[in-house]
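A.B. asks: What follows is each chain in one-letter form.
Number of protein chains: 2
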Amino acid sequence: MAGKVFFSVSMSLDGFVAPEERADDPDRRRWTAQWMELQQWILPLRSFRERLRLGDGGEEGRDDDILRETFARTGASVMGRRMFDLGEGAWPEEAPFHTPVFVLTHDPRDPWERPGGTTFHFVDDGIAVALDRARAAAGDRDVRIAGGGATILQYLNAGLIDEFTIALSPVLLGAGTRLFEGVDATRVALEPVDAEPTGRVTHLTYAVRER
Amino acid sequence: MAGKVFFSVSMSLDGFVAPEERADDPDRRRWTAQWMELQQWILPLRSFRERLRLGDGGEEGRDDDILRETFARTGASVMGRRMFDLGEGAWPEEAPFHTPVFVLTHDPRDPWERPGGTTFHFVDDGIAVALDRARAAAGDRDVRIAGGGATILQYLNAGLIDEFTIALSPVLLGAGTRLFEGVDATRVALEPVDAEPTGRVTHLTYAVRER
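Chains A and B, in that order, are what the protein sequence lines are. With our numbering, the residue at position 132 of the first sequence is 132, and numbering never jumps. With our numbering, the residue at position 139 of the second sequence is 139, and numbering never jumps.
Here chain A stands alone, though its shape is the one from the complex:
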């Protein structure tokens, strides 16, 4: 049985998945503070700390269970080049995917194998091909479109997302990268699947339907 194609992101109540990049914030302090607010629910979780090799401990509970399940269902990921470039300098040597990751790029290079089971494959022939390769690699597990926002939107508008989950954070950012900026509203319809508040965020799951 083939898996689903999904994405899972944290979004502010005003629709942003990343803070604004601003010239008057050269050391990215404001950016980082806003990003931490958006991700505040995830950073203390046990499964997150395990995943990033931040050491033992961390909080358990529904948020942790939900995050753990997101990791467990993912057999392969797809990401944009910019997310890869940002992550390459930030992830620990043992990159936090532990599955194949297909990176959309115009500059092909050889696969890059990391300790702990993550291998980055660089795909330069389009989002559909990258997804096919990810599906094949994932087997009966799901494919996660990891990000960033522009990559997620490309897949959404192409009708290639089966469902998605948003961790809606109780924060207003005012500016930044909007998840749904440029969505093809004439094509994408949503069906609510689940909504679960955990105190910190509300986990909202929707199935995507074609109009």
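Quick caveat, the hints were computed from the structure, so don't treat them as lab data. None of the values given here were measured: they were computed from a predicted structure. Glycine is no exception: its CB is placed at the ideal position from the N, C-alpha and C atoms. Hints may contain errors.
[As the list claims (entries may be wrong)] To spell it out: a stretch of chain B is covered by chain A in this simulated footprint if at least three of its residues, at any positions, have a beta carbon under 8 Å from a beta carbon of chain A; those stretches are:
#: 1; region: 3-15
#: 2; region: 64-71
#: 3; region: 188-196
Following the hints, put chain B in place on chain A, whose structure we already have.
C.D. replies: Below, chain B alone, put in the same frame as chain A:
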């Protein structure tokens, strides 16, 4: 005991409280279709039909209870001039408020009393004065900032909102009036109070705190 100041709106998952006004939609068919999608959860409800004097019947259940409670807690409303102008031609003679309504305007006029308990008062000396008058009229019930979006944002940025509820609709509009466009994110902090999915929408309630 003084009541709270709140607002309650339907918002699309991409953050819009009204569809886009477009020149290529002269008969507003597209606008109306999108608006119906956004409000789809509310239109069949018994309490909505009662309120608009649309006749007996209608659906009961949690959505209906929540809407009925929103009407019941409201002792007075405040609205912007544009919302009033649009409503003046659209509401039934028995306007659907059944309480005093304070309309922000630059063109004062005499109070306008409607059958069924709604009286519109026109206030030309600012949002704080309008709110004070609404509080006095509401007694121990709450004051609802009824809309539109720009009026809600003025009150939010001025630190005059105690809490709000969003009925988050499973729809993407792509364009229109954003609820939080122009929010002062350096000033407004949110605390999640309640989140309740009903199948049709997710009712999200937040308390507003100053940062």
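A.B. asks: Hint by hint, say whether it matches the structure.
C.D. replies: Each hint, compared with the structure:
| no. | hint | result |
| --- | --- | --- |
| 1 | 3-15 | holds (count 3) |
| 2 | 64-71 | violated (count 0) |
| 3 | 188-196 | holds (count 8) |
Taken one by one, the earlier hints fail for this structure only at number 2.
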